[in-house]
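Chemist: Okay, here's what each chain looks like letter by letter:
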Amino acid sequence: MSWAASITRPLARVWFVCLPCVSLVSCGSNTPKIPPELLAGGGCDSPNYPNGPFGTEEGDTLADACFQGFRNPAKVSHSSSSLETIAFADYYDPSGSKGYQLILINTAAVWCSACRSEHEGLPQKNQEYGPRGLRILSTLFQDAHRDPATLSDLSTWVKVYSSDYAMVLDPDYQLGAFASAETAPLNLIVDARTMKIEKKLLGDQATVIWPFIDASLAQP
Amino acid sequence: MLGIVGTAPKLSALEPVDVFGAPVAFDITNTSTLSYNVDNRDTRPNQVATHANDDWGLFYNRLNVLANGGAWQAGLRLDNAWFFSSPNPTQIALDLWASRPITEGAAPAPVYFRQKVQEAGVELSNRYINWLYPAKYYFTYASPSLELGLGDVYVAFGRGLVLSLRKMDELASDTTLRGARVTARARADQISLRATAVAGSLNPLRIDPASGRYLGVDSSVTPGFVKLTEAGMPRAVASDFVPDTGDCKTFGTCSYAPDRIFGAQAELSHKSAKLAVQGSRLLRSTPLANDIVRSADRITTGSASFELADLGGHGGAYLEVALQDLQHADRSTPKLDLGQAVYLSVNALFGPLSLLFEGKHYRRFFPLLANVSPLRAREFSMLAASAPPTTEALFIDTAFEGFNTCVSGGRLRADLALSRIVSVYAWAGYYESFAESLANEACRVGKDTRNRVVDTAVGSELRSRDRRSKADISFGSRVDDSDRALPTDNGETQVFYREIYMRHQGTWALGGPFALELQGWHRRRHQTLGGPGVPWSEGDELIGFDYAPHWSVALGFSYDTNPAVPPTYVNGQLGYRLSSDSSLSLFVGQRRGALRCVGGVCRVFPPFEGAALDLTLRF
Numbered sequence: 001m002s003w004a005a006s007i008t009r010p011l012a013r014v015w016f017v018c019l020p021c022v023s024l025v026s027c028g029s030n031t032p033k034i035p036p037e038l039l040a041g042g043g044c045d046s047p048n049y050p051n052g053p054f055g056t057e058e059g060d061t062l063a064d065a066c067f068q069g070f071r072n073p074a075k076v077s078h079s080s081s082s083l084e085t086i087a088f089a090d091y092y093d094p095s096g097s098k099g100y101q102l103i104l105i106n107t108a109a110v111w112c113s114a115c116r117s118e119h120e121g122l123p124q125k126n127q128e129y130g131p132r133g134l135r136i137l138s139t140l141f142q143d144a145h146r147d148p149a150t151l152s153d154l155s156t157w158v159k160v161y162s163s164d165y166a167m168v169l170d171p172d173y174q175l176g177a178f179a180s181a182e183t184a185p186l187n188l189i190v191d192a193r194t195m196k197i198e199k200k201l202l203g204d205q206a207t208v209i210w211p212f213i214d215a216s217l218a219q220p
Numbered sequence: 001m002l003g004i005v006g007t008a009p010k011l012s013a014l015e016p017v018d019v020f021g022a023p024v025a026f027d028i029t030n031t032s033t034l035s036y037n038v039d040n041r042d043t044r045p046n047q048v049a050t051h052a053n054d055d056w057g058l059f060y061n062r063l064n065v066l067a068n069g070g071a072w073q074a075g076l077r078l079d080n081a082w083f084f085s086s087p088n089p090t091q092i093a094l095d096l097w098a099s100r101p102i103t104e105g106a107a108p109a110p111v112y113f114r115q116k117v118q119e120a121g122v123e124l125s126n127r128y129i130n131w132l133y134p135a136k137y138y139f140t141y142a143s144p145s146l147e148l149g150l151g152d153v154y155v156a157f158g159r160g161l162v163l164s165l166r167k168m169d170e171l172a173s174d175t176t177l178r179g180a181r182v183t184a185r186a187r188a189d190q191i192s193l194r195a196t197a198v199a200g201s202l203n204p205l206r207i208d209p210a211s212g213r214y215l216g217v218d219s220s221v222t223p224g225f226v227k228l229t230e231a232g233m234p235r236a237v238a239s240d241f242v243p244d245t246g247d248c249k250t251f252g253t254c255s256y257a258p259d260r261i262f263g264a265q266a267e268l269s270h271k272s273a274k275l276a277v278q279g280s281r282l283l284r285s286t287p288l289a290n291d292i293v294r295s296a297d298r299i300t301t302g303s304a305s306f307e308l309a310d311l312g313g314h315g316g317a318y319l320e321v322a323l324q325d326l327q328h329a330d331r332s333t334p335k336l337d338l339g340q341a342v343y344l345s346v347n348a349l350f351g352p353l354s355l356l357f358e359g360k361h362y363r364r365f366f367p368l369l370a371n372v373s374p375l376r377a378r379e380f381s382m383l384a385a386s387a388p389p390t391t392e393a394l395f396i397d398t399a400f401e402g403f404n405t406c407v408s409g410g411r412l413r414a415d416l417a418l419s420r421i422v423s424v425y426a427w428a429g430y431y432e433s434f435a436e437s438l439a440n441e442a443c444r445v446g447k448d449t450r451n452r453v454v455d456t457a458v459g460s461e462l463r464s465r466d467r468r469s470k471a472d473i474s475f476g477s478r479v480d481d482s483d484r485a486l487p488t489d490n491g492e493t494q495v496f497y498r499e500i501y502m503r504h505q506g507t508w509a510l511g512g513p514f515a516l517e518l519q520g521w522h523r524r525r526h527q528t529l530g531g532p533g534v535p536w537s538e539g540d541e542l543i544g545f546d547y548a549p550h551w552s553v554a555l556g557f558s559y560d561t562n563p564a565v566p567p568t569y570v571n572g573q574l575g576y577r578l579s580s581d582s583s584l585s586l587f588v589g590q591r592r593g594a595l596r597c598v599g600g601v602c603r604v605f606p607p608f609e610g611a612a613l614d615l616t617l618r619f
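Residue numbers (the numbering used here), protein chains in the order written: chain A, 1 to 220; chain B, 1 to 619.
Hints may be right or wrong, so weigh each one.
For each label pair, taking beta carbons as the anchor points, the in silico distance ranges come out as [claimed, not checked]: (1) S580/B x I34/A: 54 to 64 angstroms; (2) A428/B x G99/A: 20 to 30 angstroms; (3) D214/A x A238/B: 30 to 40 angstroms; (4) H145/A x L510/B: 36 to 46 angstroms; (5) V604/B x N48/A: 19 to 29 angstroms.
In silico SDA-like pairs for lysine to any residue, Cα to Cα no more than 25 angstroms straight-line [claimed, not checked]: (6) K159/A x G531/B; (7) K125/A x K271/B; (8) K125/A x G315/B; (9) K167/B x G600/B; (10) K196/A x D325/B; (11) K199/A x K167/B; (12) K249/B x T300/B; (13) K271/B x A184/B.
Derived by calculation from the structure, the hints in this document are not laboratory data. The structure displayed is predicted, hence computed values, not measured ones. Every residue gets a Cβ at the ideal spot worked out from N, C-alpha and C, and that includes glycine.
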């Protein structure tokens, strides 16, 4: 037996004996204490919205969420005085009285190249599919340094991309349960009559998104 | 090129054992990693994922056992991950709340807290979970005319356009086909024929030790034969945040549905000429993502290739032409035209000068992306069963988005040996991609979709006369312009990407058992869409000192002026070689997060801070 083997083999025995010890280290738990102010209620308080259970997968009902933003950036000044509260509930149209059939909920970040290329084409799509019952709601959640997006970022964004659909700020990244921020953009296609998620896509998937929307809007 | 998992070059570590009257040699290798990740400084406000990768510890063990009985071999790789420490979703939400910046448009605190607990719960539902599973197992039989493989096999047909399943140590990737492979050979005079057939399900490594994430399957995506190949593999598990819906498509921790792959190749050789045809068919069960490739239920790819390995002693040439068809069961997904790919490689030798030209022309030609949910397991999102050649330098990581799926271009490299110790090289590449600055799966070719890329480099290699010392230094640039004007915050531009860089690598024998190693890559980059919005610099430098035959020590330093990440990283590494096959190494410090690519196959490595102890023992 070489001197190296004489070291290696006893070391291996010690190593295998020690393996179970490592797993024992993992035992134990610690439950963090939650301050009472975080356990209060609160939410969008939209009276007319489908009941849960809510979820984040295709086929699930989308939980309501509220944002501050511009409902139509093309028609207002891009200052804080023009900000209004916009909720998913605003697009809920069970009877079809608002003329909404589908909602495209999209996330965007200033650092995200796919988000930028996607928004280049959104105004044209909004013009094309808006009259047929599509509503677009895009949430801007981070700036170029991956810090929370600000009103200044939102104002610049809607100007650069001539956004004529709802653009809101989401500095908290409320849609985080649907997809991690680094996988942006997220696209959710939601049935406005039921608020059920019809399609959930990552990335700029124009080849898939728009034929699906076109086919869905063609259905009665 | 075909291979079998874990084939060891020599089998002399353990004495042969008599099994049914025949000698069988066993080779056992065990690699263990004990690591602890502290706060890796990537924390961003309101972002769960940047907290979920802090303060966790892992013991990761890989046991390889190989039995060799001459004509047959059998092997097993058993992987074991024990997470002895992991983050808590409530604590993550509390930490985020405590450091939450005051911003316009923010949600009320209780709403924020509930959302972040839920988000952290979902994020952690398939991370930091203990598993013990048979990562690879195989049995092979080989004779001059027949090779048979059962279990995990590697497959690469042609240059990877049709099928490419192999191990890439640089990316810690090891993807195989779990099933069967048969190769038959026949020879008459100077003509030889080889036929290969493979069938099985795709089997990537299921645990990513860099993130603690695993790939889980459930019974809805493991029907029939796949139930057998997935026996003992990690399963999707329900948690307080992720209910078991019984359907992988909606089960939040079900992140993988194994693809079934069938392939065949026939190869006819005469002297240095080789003609081959190869094809593969990928069949998906439930598609777990909606992009155009992963949502395809069936992908058929076929190619014909011709190789002249020797052009009269002056080089060689290789040509491969491929077609690809994507079929979608979902009627709303548009039917794409047939994908096409042409790849050409010619190398020529003229004394001290050697030239290599590689060209490509791809239209709607996609890598066979594995059926992984990028939403639930983003770390595995680049897993693929094929790797169309890029024709670029191996390390290039700046072919953005769908660059290689709709592209034409090529690269010419020249190497000139000036003397026995000095050689110089240079390359120039030109590419036109139509799927880089915008999504263009249909590969619509025109000025409104085109990016023009010029990639150049020059370098020099020096070697000492005794070959014990060497140095390689190169300088390169990449100029990537879009034909259409790109809207930015500061107006329109056609500049899509710019980079200049310097790479170097060297080893100096210092006399006796001592040697010095130095390697680095320093880059100045500018990315118009995405990125930090301003040009930035980044780089890595590693200096190592070897004291043969046992000790090595290295110090690493990295920097990054991108404001979104920490500016500096420092680390130290200490190694001790117990024998030629056994070693112990310790890494302590910080490592920059980065996208690493090898020949167009890329993987995102998250930033690491902490300590890692590796022990490899071969018996």
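Chemist: Looking back at the hints listed earlier, which ones does the structure fail to meet?
Modeler: As far as the earlier hints go, 2, 5, 7, 8, 10, 11 are violated by this structure, in ascending order.
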